[in-house]
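Visitor: Here is what each chain is made of, one letter per residue.
There are 2 protein chains.
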Amino acid sequence: MSRIVALTERLGDVPITTNERTVKGKSRDAFWYSPLLKAQLENVRAEAVVSPRDEGELLKLLAACWALDIPVTARGGGTGNYAQAVPLAGGVVLDMKSMNRIVSIGDGVLVAEPGAILSKIEDETRADSGQELRMHPSTRETATIGGFIAGGSGGVGSVRWGMLREPGNILRLRLATLEEEPRLIDLTGDEIGLVHHSYGVNGIITEVEMPLAPAQNWVDLLISFDDWPGALKAGWEIAHHEGLWLKELAAVQGPAPHKYFARHRKYLAEGDSLLCVMAAPNAVAPLIGEAEKRGGRTVYRSDRASDEEKRSLPPLYHLTWNHTTLQAIKADSSITYLQVGTPADDPLGALGQIAERFPEEIVGHVEYTRAGGKTYASFLPLYRFTTEERLNQVAQELEDLGCPCYNPHAYTYEEGNRSDADPARLALKRETDPKGLMNPGKMIGWENPDYAYDPTGSYVYPGIKRAAP
Amino acid sequence: MSRIVALTERLGDVPITTNERTVKGKSRDAFWYSPLLKAQLENVRAEAVVSPRDEGELLKLLAACWALDIPVTARGGGTGNYAQAVPLAGGVVLDMKSMNRIVSIGDGVLVAEPGAILSKIEDETRADSGQELRMHPSTRETATIGGFIAGGSGGVGSVRWGMLREPGNILRLRLATLEEEPRLIDLTGDEIGLVHHSYGVNGIITEVEMPLAPAQNWVDLLISFDDWPGALKAGWEIAHHEGLWLKELAAVQGPAPHKYFARHRKYLAEGDSLLCVMAAPNAVAPLIGEAEKRGGRTVYRSDRASDEEKRSLPPLYHLTWNHTTLQAIKADSSITYLQVGTPADDPLGALGQIAERFPEEIVGHVEYTRAGGKTYASFLPLYRFTTEERLNQVAQELEDLGCPCYNPHAYTYEEGNRSDADPARLALKRETDPKGLMNPGKMIGWENPDYAYDPTGSYVYPGIKRAAP
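From first to last, the protein sequence lines are chains V and P. Once you know that position 133 of the first sequence is 133 in this note's numbering, the rest is easy, because the numbers rise by one and skip nothing. Once you know that position 395 of the second sequence is 395 in this note's numbering, the rest is easy, because the numbers rise by one and skip nothing.
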């Protein structure tokens, strides 16, 4: 522990703690969605948690960590599912939640510190000028903007605006480097893509500039269908209509909605498959028309609900994205999930085959999104876990159906993204983190620049022994 | 003229005129873009112009026309290019411009009378609540909302919201029928599509309900390229990024911009091809980044222009859609245009072939749009007209390249839309207009229900002799 004592001395009044409870809590994120990650990461611990309150304090910390060779794992709300905030090599967890100021709100543009919570940002942008973020994860009330950018891909809003990585969805990122004399660097344009979704390995985000959209009084709708193919197809066709301004469109296969969506159960019949939709007020009537002519029944719409009824319900996006999984895990701890791509030209065919081949093991959940001018059906099904061996077998069978698995049961960048070592991200990391102290273990390529993607997800970071003795 | 005298008696104080100058002016629209239509329609005249001020006066007129068997051709701003407002069978022109009230402006929803001018609507919706129409034609300052819906397909805004016909882009239309006792009918959902783009043959629109979008401070940009394939490709790729909030994206082939865009000439080199863009403020920097890495040079941006400079320029959309053609015709009266579809999967290949095959005769102009979740490159090139025979030959050659021509040199619904007689539109017409008095001659199917599309566009409405003696 002596290096933490030395660190503390160098930090002056920058808040640092070694309180066991705090350290334990801040060394975890929501990796427990995965039984495999849970087994591997349960005992991983940082040595201390540091909470800088501004860029000056952050730079002081980074200089000290450089001098003392202490790993630094940046953490936002800890809502990630792939151990983005877990200190795989020990060292310190860099808790960014004190750097949470909103710097400015302009015409379509937000500048904020990375630790700002998404819902708090939107409270302020709505109050200031009727604006909101283009997209957010289902963990809107707990996730930070910096954590979302560092680890997220998209979310609620991606059915309209595409994925976070697309031009215009992140305008600027300011990074701190981890060097003898840490620097601040502003990235715009394509360079943003090197840091977004890099899980904090190649720069500590200190400020973000994000586009804002005009806030809408989104209407939550639940539209039920007798069967899964009907719900899937209706969702797919509706997702193609840009005249319907939607913020969210997801399909969940029966019997999951009635079984797991406890507070919405009263609206649902047992076997119902469901479309979960957030629509702008002017899209509600045409949306319902499109859904009903495809066999849908509108069983809930927030614009017709009483205030009391609305108070009894969580926001609709708490039924979508990884919250779909969360609702199921709450009811049944043997459940986890998969992240599966579907063939761009015929997702319905592949999804139908999957439903037939794995009737008990996989329960369908699709998020409709756009990317690069196309509509996608991203498949995030519930998965009834038995063994790792069976999981790998199922993943292989899905691949054979043309549906690649993006493994949410591995903690590395490469395994989660089906990627070889990424020379561009690593080149930036050599600049911003020459000692490799930022979130060690998250990028296999740093240890092994020749790493070629291995779908078994079997990589074990050698340094993890240190953090999980 | 006795039937007009009888009509006048029945109308009471509904304004009607037979003033020669007025009748001549109101019997025309912008068909003169086409030398073929100009030759055919130059002398077509109504017998009178009626200008009802409200639904009551309109119904009175329609009842009278029923009783007297007088054809009724509804007219908005007269900005259409295919004789939508031309009284092919004589009778009366129904001038809708006095029915121009804005009934209500709600959260994302406008209700208005059909004669309201688009720019006036937007002045009011902006002032009221910072809202604007999702789309408008390039004739925004003169076209009416009813005329746009009755004859338009899309326009400025379709790169974001898709075409007018898509669900959600028109919310409700109220129609008056032409019967012994005229009725008012409200259409929603799919039925809207029977009246939209039907040129007033199957119902007189008396009220429209349209979605509004949050108004943006659109930035006009001109981005020039050394060559046409470069401009085309950059536009095509940029159009796919839903993270860039654009209102308009068009490409115009050199030398047309320098030659015809007189007031913007100072920004352009002689051979420059051009992207004309309207971008939300937060899209400007990433848009410029994307364009410049594809060889573009930003030669004008309104957010950096002085007030004086801006005052000297027309709005950017006056360089797009059919205004591209208009700017060219102003400089060279031998020019007209074509409307050509391009292969959805490889428009650039086909457009490249066209540029090589018709180097002098066709000058490229592409409007990038979305429809049904896909991006399209709609080709509206300038065309140097010589003879009708040559025009048909060129159209055939374009077809052979996989680029179907939607004939803007014919005045019928079917010939312009490559359509057989449309049983659904005609069925509605039998209900709303059993005598066939609404805009006779616009729908071949009314005369000939077995009509099968003939690409030569050679149909001549037999009744036209009466209107053009």
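Don't take each hint at face value.
Repeated chains share a single entry, so a pair holds when one copy, or any two copies, can fit it.
Derived DSSO-like pairs (lysine-lysine); straight-line CA-CA distance at most 30 Å [said to hold, decoys possible]: (1) Lys97 <-> Lys435; (2) Lys374 <-> Lys293; (3) Lys233 <-> Lys465; (4) Lys374 <-> Lys233.
In case anyone wonders, no lab produced these hints; they're calculated from the structure.
Visitor: Could you run down the list of hints and mark each one as holding or not?
Guide: So, going through the hints one by one against the coordinates:
1. Proximity of Lys97 and Lys435 under a CA criterion of 30 Å is satisfied intra-copy only: 25 Å inside one chain copy versus 73 Å between copies.
2. Taking the shortest Cα distances, Lys374 and Lys293 sit within 30 Å of each other both inside one copy (24 Å) and across copies (22 Å).
3. For the identical chains of this complex, Lys233 and Lys465 are neighbours neither inside a copy (48 Å) nor across copies (52 Å), given an alpha-carbon limit of 30 Å.
4. When the C-alpha separation of Lys374 and Lys233 is checked against a cutoff of 30 Å, the pair qualifies both within a copy, at 16 Å, and between copies, at 17 Å.
This entry does not satisfy hint 3, going by the numbered hints stated previously; all others are met.
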